[in-house]
Amino acid sequence: MVILGLAVRSVRHQPAAFAASFLTLALSAFLVTVCGGVFETGLTHDVPPQRLLTAPVVVTGVQDYLGTPLPERNRLAPGLASEIAAVPGVARTVPDVSFPVTVLSGGQADGPPVEGHDWSAAQLTPYRLISGRAPTGPGDVVLDAHLADSMHLTINSLLQAQAHGTVITLRVAGIADSATSLAPALFVTDARASALTGQPGLVDSVAVYPSPGVATGSLASRITAALPHDSALVLTGDARGRAEFPDAAGDSFRLIPLAAVSGPLMTVVAVFIVASTLGLVVQLRRRQIALLRTVGATPRQLRRLVLRQTLLVAIPAACLGLLPTEAAGRQLLSAMADHGLVTGGLIYHQNFIPTLIGAAIAVFTGVIAALVASRGAIRVPPVEALGSDDTPQPWMSWPRLVLGLLTLAGAIALAVVTALVFNGPVAASTAGPSAMAWVLTMALLGPALLTRPVLSVLGRVAAALAPRTGHLAMLTIQGRGPRTAALVTPVMLATGLATALLYMQTSQQAATEQVYAQHLQANLVISSPAGGLPLGLAAQVSRLPGVVASPLVTSNGFINVPPGAQDDGNPDSEPLLGLDGATASRVASYQVTSGSLARLSGDTIAIPASWAKSGQEVGDPLMLRFGDNTVTQLRIVALFTAQRGYPVLLLPAALLAPHTTSGLAEQVLVSTAPNTDLNSLGRNLSRMAADLQVSSRSETLAAFSVQDQTSAWIYYMFIAAVTAFVTVYLTSSTLAATTRRRPQLHMLRQIGASGSQVGLAMAIEGALVAATGIVLGTLVALAVLLPFDNAIGAPGLPAGSPLIYLTVIALAAALTIAVTSLSARLLRTAPSQV
Amino acid sequence: MKGDALGSSGNEDVVRLAGVTKRYGGRSAATTALNDITLSFERGSFTAVMGPSGSGKTTLLYCAAGLARPTVGTVTLDGTDLTSRPERALARIRRERIGFVFQSFNLLPELSAADNVALPLRLSGKHPRRAAVTAALDQVGLADKRRSRPGQLSGGQQQRVAIARALIGSPSVVFADEPTGALDLVTGAEVLGLLGSLVRAAGATVVMVTHDPVAASRADRVVFLADGRTAGEILRPGVDAVAARMANLADRGKAAAAAPARTEPSW
Numbered sequence: 003m004v005i006l007g008l009a010v011r012s013v014r015h016q017p018a019a020f021a022a023s024f025l026t027l028a029l030s031a032f033l034v035t036v037c038g039g040v041f042e043t044g045l046t047h048d049v050p051p052q053r054l055l056t057a058p059v060v061v062t063g064v065q066d067y068l069g070t071p072l073p074e075r076n077r078l079a080p081g082l083a084s085e086i087a088a089v090p091g092v093a094r095t096v097p098d099v100s101f102p103v104t105v106l107s108g109g110q111a112d113g114p115p116v117e118g119h120d121w122s123a124a125q126l127t128p129y130r131l132i133s134g135r136a137p138t139g140p141g142d143v144v145l146d147a148h149l150a151d152s153m154h155l156t157i158n159s160l161l162q163a164q165a166h167g168t169v170i171t172l173r174v175a176g177i178a179d180s181a182t183s184l185a186p187a188l189f190v191t192d193a194r195a196s197a198l199t200g201q202p203g204l205v206d207s208v209a210v211y212p213s214p215g216v217a218t219g220s221l222a223s224r225i226t227a228a229l230p231h232d233s234a235l236v237l238t239g240d241a242r243g244r245a246e247f248p249d250a251a252g253d254s255f256r257l258i259p260l261a262a263v264s265g266p267l268m269t270v271v272a273v274f275i276v277a278s279t280l281g282l283v284v285q286l287r288r289r290q291i292a293l294l295r296t297v298g299a300t301p302r303q304l305r306r307l308v309l310r311q312t313l314l315v316a317i318p319a320a321c322l323g324l325l326p327t328e329a330a331g332r333q334l335l336s337a338m339a340d341h342g343l344v345t346g347g348l349i350y351h352q353n354f355i356p357t358l359i360g361a362a363i364a365v366f367t368g369v370i371a372a373l374v375a376s377r378g379a380i381r382v383p384p385v386e387a388l389g390s391d392d393t394p395q396p397w398m399s400w401p402r403l404v405l406g407l408l409t410l411a412g413a414i415a416l417a418v419v420t421a422l423v424f425n426g427p428v429a430a431s432t433a434g435p436s437a438m439a440w441v442l443t444m445a446l447l448g449p450a451l452l453t454r455p456v457l458s459v460l461g462r463v464a465a466a467l468a469p470r471t472g473h474l475a476m477l478t479i480q481g482r483g484p485r486t487a488a489l490v491t492p493v494m495l496a497t498g499l500a501t502a503l504l505y506m507q508t509s510q511q512a513a514t515e516q517v518y519a520q521h522l523q524a525n526l527v528i529s530s531p532a533g534g535l536p537l538g539l540a541a542q543v544s545r546l547p548g549v550v551a552s553p554l555v556t557s558n559g560f561i562n563v564p565p566g567a568q569d570d571g572n573p574d575s576e577p578l579l580g581l582d583g584a585t586a587s588r589v590a591s592y593q594v595t596s597g598s599l600a601r602l603s604g605d606t607i608a609i610p611a612s613w614a615k616s617g618q619e620v621g622d623p624l625m626l627r628f629g630d631n632t633v634t635q636l637r638i639v640a641l642f643t644a645q646r647g648y649p650v651l652l653l654p655a656a657l658l659a660p661h662t663t664s665g666l667a668e669q670v671l672v673s674t675a676p677n678t679d680l681n682s683l684g685r686n687l688s689r690m691a692a693d694l695q696v697s698s699r700s701e702t703l704a705a706f707s708v709q710d711q712t713s714a715w716i717y718y719m720f721i722a723a724v725t726a727f728v729t730v731y732l733t734s735s736t737l738a739a740t741t742r743r744r745p746q747l748h749m750l751r752q753i754g755a756s757g758s759q760v761g762l763a764m765a766i767e768g769a770l771v772a773a774t775g776i777v778l779g780t781l782v783a784l785a786v787l788l789p790f791d792n793a794i795g796a797p798g799l800p801a802g803s804p805l806i807y808l809t810v811i812a813l814a815a816a817l818t819i820a821v822t823s824l825s826a827r828l829l830r831t832a833p834s835q836v
Numbered sequence: 003m004k005g006d007a008l009g010s011s012g013n014e015d016v017v018r019l020a021g022v023t024k025r026y027g028g029r030s031a032a033t034t035a036l037n038d039i040t041l042s043f044e045r046g047s048f049t050a051v052m053g054p055s056g057s058g059k060t061t062l063l064y065c066a067a068g069l070a071r072p073t074v075g076t077v078t079l080d081g082t083d084l085t086s087r088p089e090r091a092l093a094r095i096r097r098e099r100i101g102f103v104f105q106s107f108n109l110l111p112e113l114s115a116a117d118n119v120a121l122p123l124r125l126s127g128k129h130p131r132r133a134a135v136t137a138a139l140d141q142v143g144l145a146d147k148r149r150s151r152p153g154q155l156s157g158g159q160q161q162r163v164a165i166a167r168a169l170i171g172s173p174s175v176v177f178a179d180e181p182t183g184a185l186d187l188v189t190g191a192e193v194l195g196l197l198g199s200l201v202r203a204a205g206a207t208v209v210m211v212t213h214d215p216v217a218a219s220r221a222d223r224v225v226f227l228a229d230g231r232t233a234g235e236i237l238r239p240g241v242d243a244v245a246a247r248m249a250n251l252a253d254r255g256k257a258a259a260a261a262p263a264r265t266e267p268s269w
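Going line by line, the protein sequences match chains A and B.
Residue numbers in the first sequence follow my numbering, run continuously in steps of one, and reach 836 at the last position.
Residue numbers in the second sequence follow my numbering, run continuously in steps of one, and reach 269 at the last position.
Just so you know, not all the hints are guaranteed correct.
[Unchecked claim] Just a few of them, taken from the derived set where beta-carbon distance is under 8 Å, the chain A residues facing chain B: (1) R11; (2) S12; (3) H15; (4) A18; (5) Q285; (6) R289; (7) Q290; (8) I291; (9) L293; (10) T296; (11) V297; (12) G298; (13) T300; (14) P301.
In short, the hints are calculated from the structure, not lab data.
Idealized CB from N, CA, C, for every residue including glycine.
Start from the sequences and build out the full structure, keeping to the hints where you can.
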């Protein structure tokens, strides 16, 4: 008990010192737990149904291929619906069909697309009519109450909308409402709905009601047994959400890698900073430990003291840090949904596992760090601990050297792998760990190898620029080498990570944009804010004088041609582009090495030359699995050169479109003859379809780059978190360092240095620390970025505004100098008061 | 056990250093703080250890108290060989048989005076009664300050609390490292007086390092150190004799530094 009493009193006596560890521990518990929560959310993949609630069993098409989510909606094969109805125990079945529809006012899109459904599906939520009647004819529509309100529509109003690329007019027959609040929706007759999907006769899902007395589970198994193997998904309970949100399957695919990289990275940063902060706090207590030893405390008692002191701070800190994690995780997820990274229906999960891990990492790191740091004071003969705190510290120790060499080896290996093995955007998966490895190496080996010479060079520069105070600053830094180097590390960490991550983003964007621009030959691009464009539009446009047009259909598919790809477990999908064979070479520029793009029609395909297996050439067959899981045999009609890391497969638009969810072209690419009158062209186009948007090539390229930025903000948040960490650490370590130097500072004042001279010397010291940290951080960033740039096909310095780098270093410098000067000011007293 | 002030041959030695050498520093900058010291302190005596700065007197104290391990040689306390004991045993010895008073920073700032005094006993697992602690503080005249924190006490008061703590375990030896170095003359004299009377009344031995001839004159014996070696002693020292010997040692040091290349005469 005496030890616990001592621990409590010591923490209460020096709350400021322990406050730093408290903050750091709380922050680390919070951040690591949230990362773990994101990981778990991706794993549990919980998307409960919001609309398909009343039917206990829902059958939908299989939405993945060997674990990879299908890029397009796989609708149920016709005939399966009647097979399901025939299963004993089924009372009745209800078809569910969805299609995107954009309401138009004045020919322009009025708001984002809403969901259109077949009226039969209304009972599945249920939606109940509150006025009017159900739709009976093809022109009838029932609106949900919120939609009717916001559009100011009532019974018998006319509604203009665009669905499946065509403008339609509907008359409001009724208004319905559901008990729960859902996305805006409208309902048409079953037949009209089926037609508006572009795949008439096919349904998205079949909802099944059991006969009285039949259990849900047994009905589900009976249906599964009755259907051909792997032809459909039979869903019950919360799993029914997969029928409603087929895109949700991709959420795991996006979240898990994200958490898998940011989680460990955050943990490493957290461990490092917690260990450093607690090491500092223990340093401050060396004198007390030494005193206790002279009074006769055993090493065991002292270890227990340090343990209790640390736990007294760590456990409440971890608890405090854990409190906001659930709420923060949900906020993070909804922000991700807003940016399109995940579907809105995904539920944030954080059970005890990530919570426990986050808390454990914080507490254990703190305890181990404190015990290791106090090992010196506890074990060496007390007289060495009693001495001045300013005893010379070694630049390097054996464990540090060994660890440092290990991380260096890892960092070099990752750099080599990134540069040589990976091509294209996938290189980002090793760049994250690579950043981690370089930061660690720098932290371990940097002080001895690099910080010292860099500091001394910069110190001489400072001495030259500000002779009196600069010289003073240089001397004090040199005398306290390893301690100053320890201050440099967090600046290096923040600068290096921020610069590396930010420029990885910009480089990747630039490379992708460059590839896009390289292949875009059209000088006009037509699109529609109301959705896709009908395939026939391109043919219409081509009839105009001096104009050549091709539809552009985009999708993804699976192919096992590229070398090294395996057909088991999470195969990668490749981008598919659908173009009109006749006009393809006029609107897109691909360097064809054999065959011709003009022959893209019917069941044909053009593939990158690097993918052709030995002996495979134009005329050979190729199996392609479309995004909706249909497998077709195609004939290769051309080989072309594709940029390493940016593969694409070219298909006839008419072949690809039916295998997409929308069945429409995303854009129409137009090439005009040099002296075509663009104004009259514009007028002609507007007569063809409502709400067309025509962009020039440069506008299209600009829009493309904006679109790419959505995922960048995740990195911004990560950087913000690291910066918060680093700020706490920097502040606490600088305050601790300055506290220890109080006698020295007082002595300077007593021998006649003025307050402002001392303040200036401290500021210069801060600037030197900042400058060294920036130099080393830049080296780390280069070590990460150069291999990465090589991998994405843009070797050399990263693309992106130099303003980013300047902002990062300006902030780092400002923070460091501010913290150093402030801490000096806080401890400043008149020379006579010692 | 009261002993004769002069330490006659009938009294045994409570602390004995035999052939003690202490070297610091790594391969590049090794310094020899103590060079083959053989010295003993009789039970019940009050010895001052003096010497110019750099003579190794503080190191001698630390080795004698088991706070530093000699590179060569042995240190025996109460018949126990400190140099062969593991750290846990040494800790126990520090609690039960040794008291230590530093020049400053004697007390844990977060504990009250009473708690500081009771600390060695509590670390042993004993529960000292309040009366015992109060009595210890009373002996040094600070019973009314039992609840005060060190920050609220003057330098002299802190030293007195340190003495009370040093004595509470009934130690065999009290080691003091410049105990009056930070105090003014009057307070310093008070503290020395306490050290002399209380410690001797308890039957313990005092070994005190000091550079102040006035303080040294309070001792039974002054041992001089220079360059890590013993350089004579004075029994029943007077202030002038001590000061003269110190000046002599300082001059010798200066002469040795000024003419390092002079060869020894052959005779």
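- prompt: Against the structure shown, which of the earlier numbered hints fail to hold, in ascending order?
  reply: Those not satisfied are hints 4, 5, 8.
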